[in-house]
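Same order as they appear, the protein sequences are chains A and B.
Under the numbering used here, the first residue of the first sequence is numbered 10, with each subsequent residue one higher.
Under the numbering used here, the first residue of the second sequence is numbered 10, with each subsequent residue one higher.
Heads up, some of the hints might be wrong.
To be verified - Derived list of chain A stretches under chain B, where covered just means 3 residues or more per stretch with a C-beta under 8 Å from a C-beta of chain B:
| id | stretch |
| --- | --- |
| 1 | 458–472 |
| 2 | 475–487 |
What the hints assert, rightly or not - Examples of chain A residues toward chain B, derived with CB under 7 Å:
| id | residue |
| --- | --- |
| 3 | T411 |
| 4 | F414 |
| 5 | T415 |
| 6 | R420 |
| 7 | G593 |
| 8 | S594 |
Quick caveat, the hints were computed from the structure, so don't treat them as lab data.
Since the structure is predicted, the reported quantities are computational estimates derived from the model, not experimental observations.
Backbone N, C-alpha and C fix where the C-beta goes; we use that ideal spot for every residue, glycine too.
Protein chains: 2
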Amino acid sequence: MNTSEERSAGADDWTVAVNGWDPEKVTHHGNLFLLGNGCMGYRGTLEEFGPDEKVGILIPGLYDRVGDAWREPVNAPNALFTRIAINGKWLNPLDIKPDAHQQSLDLRTATHRRLTRFTVDGVRVLLSAERFLSADKVNLMAMQFVIEIQGQAEVTVETGIDQRIWDLNGPHLEGFSASQVDGTLLLESSTHEKGEPVAVAERALWQSKVPVGSETVDGSMRRWQFSADGSVSLALEKVATVHTSLDQHGVTDIDELACRELAVASEAGYKKLHAAHREVWEQRWNRADITIDGDREGQNALRYSIYQLLSAAPFHSEHLSIPARALSGQVYKGAIFWDTEIFMLPFFLATFPEVARNLVRYRIHTLDGAKEKAREYGHVGAFYPWEGQEGGFDACTLFNVTDVFTHRPMRTYFRDKQIHISGDVAWAVWRYVQVTGDHVLLWSGGFEVMLECARFFLSWAYRTSDDKHFVLLDVTGPDEYHERVNNNAYTNYLVRHCVRAMLEAARIMAESDPEKFSELASALGFNDAERDCLQDFADRLHLPQPNPRNGIIEQFDGYFQLEDCSLDQLKGRIIDPNEYLGGGSGLATTTCILKQADTVLATFLFDDIFSPAQKEANWNFYEPRTEHGSSLSACVYSLVATEIGKPDFAYEYFLKTATIDLHGNSKQHVGTLYIGGTHPAANGGAWMVAVLGFAGLNLLPDQVRFRPRLPSQWNGLCFSFCWQGLLASVSIDNDVIEVHADPTNSSPIPCAFDGTLQHCQPGQVLSLPFV
Amino acid sequence: MNTSEERSAGADDWTVAVNGWDPEKVTHHGNLFLLGNGCMGYRGTLEEFGPDEKVGILIPGLYDRVGDAWREPVNAPNALFTRIAINGKWLNPLDIKPDAHQQSLDLRTATHRRLTRFTVDGVRVLLSAERFLSADKVNLMAMQFVIEIQGQAEVTVETGIDQRIWDLNGPHLEGFSASQVDGTLLLESSTHEKGEPVAVAERALWQSKVPVGSETVDGSMRRWQFSADGSVSLALEKVATVHTSLDQHGVTDIDELACRELAVASEAGYKKLHAAHREVWEQRWNRADITIDGDREGQNALRYSIYQLLSAAPFHSEHLSIPARALSGQVYKGAIFWDTEIFMLPFFLATFPEVARNLVRYRIHTLDGAKEKAREYGHVGAFYPWEGQEGGFDACTLFNVTDVFTHRPMRTYFRDKQIHISGDVAWAVWRYVQVTGDHVLLWSGGFEVMLECARFFLSWAYRTSDDKHFVLLDVTGPDEYHERVNNNAYTNYLVRHCVRAMLEAARIMAESDPEKFSELASALGFNDAERDCLQDFADRLHLPQPNPRNGIIEQFDGYFQLEDCSLDQLKGRIIDPNEYLGGGSGLATTTCILKQADTVLATFLFDDIFSPAQKEANWNFYEPRTEHGSSLSACVYSLVATEIGKPDFAYEYFLKTATIDLHGNSKQHVGTLYIGGTHPAANGGAWMVAVLGFAGLNLLPDQVRFRPRLPSQWNGLCFSFCWQGLLASVSIDNDVIEVHADPTNSSPIPCAFDGTLQHCQPGQVLSLPFV
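Looking at chain A on its own, in the form it has when it is part of the complex (with noise of 0.2 Å):
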């Protein structure tokens, strides 16, 4: 067979694989065969991997520091670990290079296969294995594992639970204790920082006759050791669940939970808990799936993009979110960025409200964290953390990069001044609210979110000495190498539309039902001289205009004095590779080159403000001389493209996009910190670009707007979306949308396309022909 390792789509573009064996690759398959149940990770390592692999069973949410080091979500012990010793020597590929191997993740089914063949002393081994992480019940993983021996050996079969644990900053987990009652092994351990629990229990049981042999328990780690002699092919099933104190729900004993959940699961047993794994997946995949004819390449693409924003979302919880390399590892901190918010909510609005719902209310039961961190800087409201932890904790350091060539830390300002962050999370409550319709969540703490972060963003601006106008100084956009500015487009126009949207809100919940809202408003202390100064300062606040004569907007005061270089000039300046271009002294940092869409973002979030001709211009002024150094930059530049007729851009930047976990090539350090991972907001960005560019589907709070304009690679696309509460599937090819109505709908959709609106009944289709 051919050892060099190659990735090939499935038969039924439903399937990412690999065959062969590459030691190279190790890390990245970890990131392309992860699972992940929005509870839990699991990283596509092999069985028989251990921490030096980067075997990582995530718990997002559940964070942890020991000493001076990053605070990052902690890692359960491997509950799926097995390996096999034939004549005494481990079957691992890293070792014993394998005779043919095989890795794939059906993403239909979120399930993991691997298929190693070994030939040890002239003994030839198959180990093969299948494992899930349970969609249906979230503590909840399993697998199943066969060996097929051909030979005469000495084998011995290992399974338990590893305690060898990969950390970025650990060892988070401490005073481990093992037990075995009944068969179940009982891994109990806690954090280092606050001591709570983490059980793991685990159960193995063998669906074929062991071979006689002995059966030790050392630990958590049982051996059983026997003699083969011809043909042996025995099976093994491990079910195992994992708690945490994010489970407790007062409960006071995890390691009971974690033993009694154990106990049903494997009543049920490995066949019975995938169906229902499957159930799920099932249902996920009928409301979120897209089909493309015409480009198999994409489709898988766009597909892997949706299984990963599936496996990360937190669809049982709305105390998560999903961090900016989901449940990959602990790069980053585990924490939440906005890249949720304007990334990958898009998504979940027109797939799954209820968890977008989550993702808000996560916001909201973070709100104290924000106002904390308002305080921290001597303002009012909200300050939304670049970094979120725990209870909206900005686990972002001052310090957040090392310099590559004095190996200093820099001072980076990513915590300090990004004040668009409260402007997104206020966009996505609004966004919420508006193509939901579910005024609820403004009543239930949405509406304290916006009026916080309306608070802060009016503490944070000042007044020219002429009184005219309102500034937004000292900040940083999206554009991270550009630190500390003053009025960054971006930033201006998202905080006047956030705090324009708080007052819309309140003149709509004080509408609905004046009496609950004059309570609200009272507890929350905002009043009408309140409103008209927050009025006033929407009305008065600086917007950098688009320069009447070619339409470009300044990214902020200053940034067309900068040194106008080629993106290749400034590249032909870097010495180190992994050379930070921002910071105090960075390479962009006194040039024009931007690491990341900024205003073409505002022109994109703010659609109905700039002209098409407006929103070229920005395109064809910021596109050359942005460096994409943020996975958020290429999926924007191309939504953007899809609306100004420049097609083969959007598709080649859609591909960039949706690919770029597939591919795993994108930036792996900066300065001499590890960013990889994978990156949710660039498949939220894929799933944007394919259904709001190229479908050119619009959730207006009124109506459903489509302006397809399908590239050229495209035959036709497929999708579903909910409006409201409404269910439709679209079909759009180059002569007709068509729009089916779920009939279980309780009103017709309205839909607007080319300049007419017509109502989509309750389970009828209606078709919008080209013209």
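For chain A, the structure is supplied; the task is to place chain B on it using the hints.
This is chain B only, laid out in the frame that chain A set:
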């Protein structure tokens, strides 16, 4: 003899001299033995030296730029160049180790002398030379050169105008054209950038009979060759004039001017020229000298400091000021910094108000440049330059330091953010008016400068969003290690002072001549509305207050949040001895370590605002955190130390300041930039510590206050001062202050001491005994 070089004070404390030869000290001696007359500087190099030894005849105020290099003042060709060869071997201590070498500067007469003995081929040669830049005729220089030979030798003497010029960023002069008429050598040239003419005319006259030999002239160089036998003594006198477009004053042909002045001068001859020069210096010393009883080192250093100030001062022109490295070279672009106003002006105000007037009027003449700079940054009013060149043009580049690690230009904000410079200028105008009583200056541009500075500050300011305060954001104070800060205490206090002083000036002027003021105000567009607006600005300007608990004022918003490491800790982190501690990512930027006195300078300048306890608290807090990376720092801490009862510290820092150019051990590099030369701000600082600090002289608008606090090293101190056009000399010992009012004074001087006020009548002596 001992060839290791030793610096020794002359027998009478009026001489700075070295005995012995040390080639390592050539650059230092170029500064140490510097001659100056305000119109020219002549570095303390030997007559046979050339560009490699940094011969420099600086023309302050005549700037030139070559290509993209820094603009800097021009060095003239060296008209005193003279060298001797014995048997074809040129005598130069760098090539032929001398038997003896002495070099000295007579401070009393501003005369440079050298004496060097060589032995070549058994022939003994003694070279002795004396030279001066005329303080009487500022375009004139003259030299006596004596050659004594014992032995038999072929002798060559070469003298003329050396066209080889030392430039940091040259060559600035081009198109050299030499001519000879009636024994006068004339070398014409012009500057590269603007073609400004530079003419040097020279005559050399043998005072003794020259042995028979040949005389040849080649371009601007003469050569004599002859044979010597036995004992030969030859004396040569040289007189030269240097004229540039700065001297044109309507004259179209500066060559003619140079020759005409030279003809008159050479007719008079060296002795008369030197006598006239000495006469001027005698008058200067009569006014400016300070005698210290009991401290010979301090005496010599202080006198040397005063010598430096007098040499650099533009007695002859109100279109020049004093560059940061005086007339010692092109370092810091020969530009005018705030050093002049805050650190040198006090000396001239108290000794030569006519020079103080020239310095202030220089800023009036360069108002247009300051207005243009304000415009450039989108403001109104006047933004005075960090590095002022002709017309008030700011020569400061945006990338002013080179990073020692990456060798990349480093973005600094010296030019953009040091708004305090406009404050320093306005402060100087008002201080001049208050100390001299010269209100004419206000009418002839002084008020306009103050108004335009106030306008600039208001234009720079913002209001807080609640409209309670004005703030000054994004500025750099004197501590350049912390750029782009908000509400720098020094800046804010200074700005309030300047705006209030401007309003006070307006009030006084309107009162004294309402009609004329109304005309002026109208011409300047100043009306009651603007007055009220500026009054409101001054009244509501946020001033960082002393902490009520400990009296400490925060240097700027957020300073107390910086890492409070010790200076030693910081220094321990330095990797490269020349690395810049400020800029985008310098070591000091994220710590409390400051470059130089900043807040403490505010407590000195605005003496009456802060209590002694507050001054002490700030001194105690900031001094240990000051790196003293600027020569402007030690004197400020010394000054305040005299006030708060720390005489030992004050004396130590006085000596450090006063000896900076004597020892020549100040910082020589920032990044890769050479910053050596003389330090007139420190020279002025030394004077301030002696007179304003130790003697406690305070020239208030309505009285002269004394508060002596002599250091224990001093038994007494004598000095003179001018105030409101009145003259007095003062002697202080441990028992009594005696004030001798000049008999020509037109009115008594009100002298305040120890809470009582007494008037010192013209010609009388007022004794103020210590209780």
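The hints, checked one at a time:
Using a Cβ-Cβ cut-off of 8 Å, 6 residues of the stretch 458–472 of chain A lie near chain B, which meets the minimum of three, so the contact claim holds. Counting residues of the stretch 475–487 of chain A whose beta carbon lies closer than 8 Å to any beta carbon of chain B gives 5, which reaches the threshold of three, so the coverage claim holds. Hint status for T411 (chain A): violated, given a least beta-carbon distance of 11 Å to chain B, over 7 Å. This hint holds: F414 (chain A) has a C-beta 4 Å from the nearest C-beta of chain B, less than the 7 Å allowed.
Evaluation of the T415 (chain A) hint against chain B yields a held restraint, the C-beta minimum of about 6 Å falling below 7 Å. At about 5 Å, the closest approach between the beta carbon of R420 (chain A) and any beta carbon in chain B falls short of 7 Å, and the interface hint on this residue holds. Checking G593 (chain A) against chain B by beta carbon gives a least distance of about 3 Å; that is within 7 Å, so the hint holds. This hint holds: S594 (chain A) has a C-beta 3 Å from the nearest C-beta of chain B, less than the 7 Å allowed.
In terms of the numbered hints stated before, the structure departs from hint 3 and from no other.
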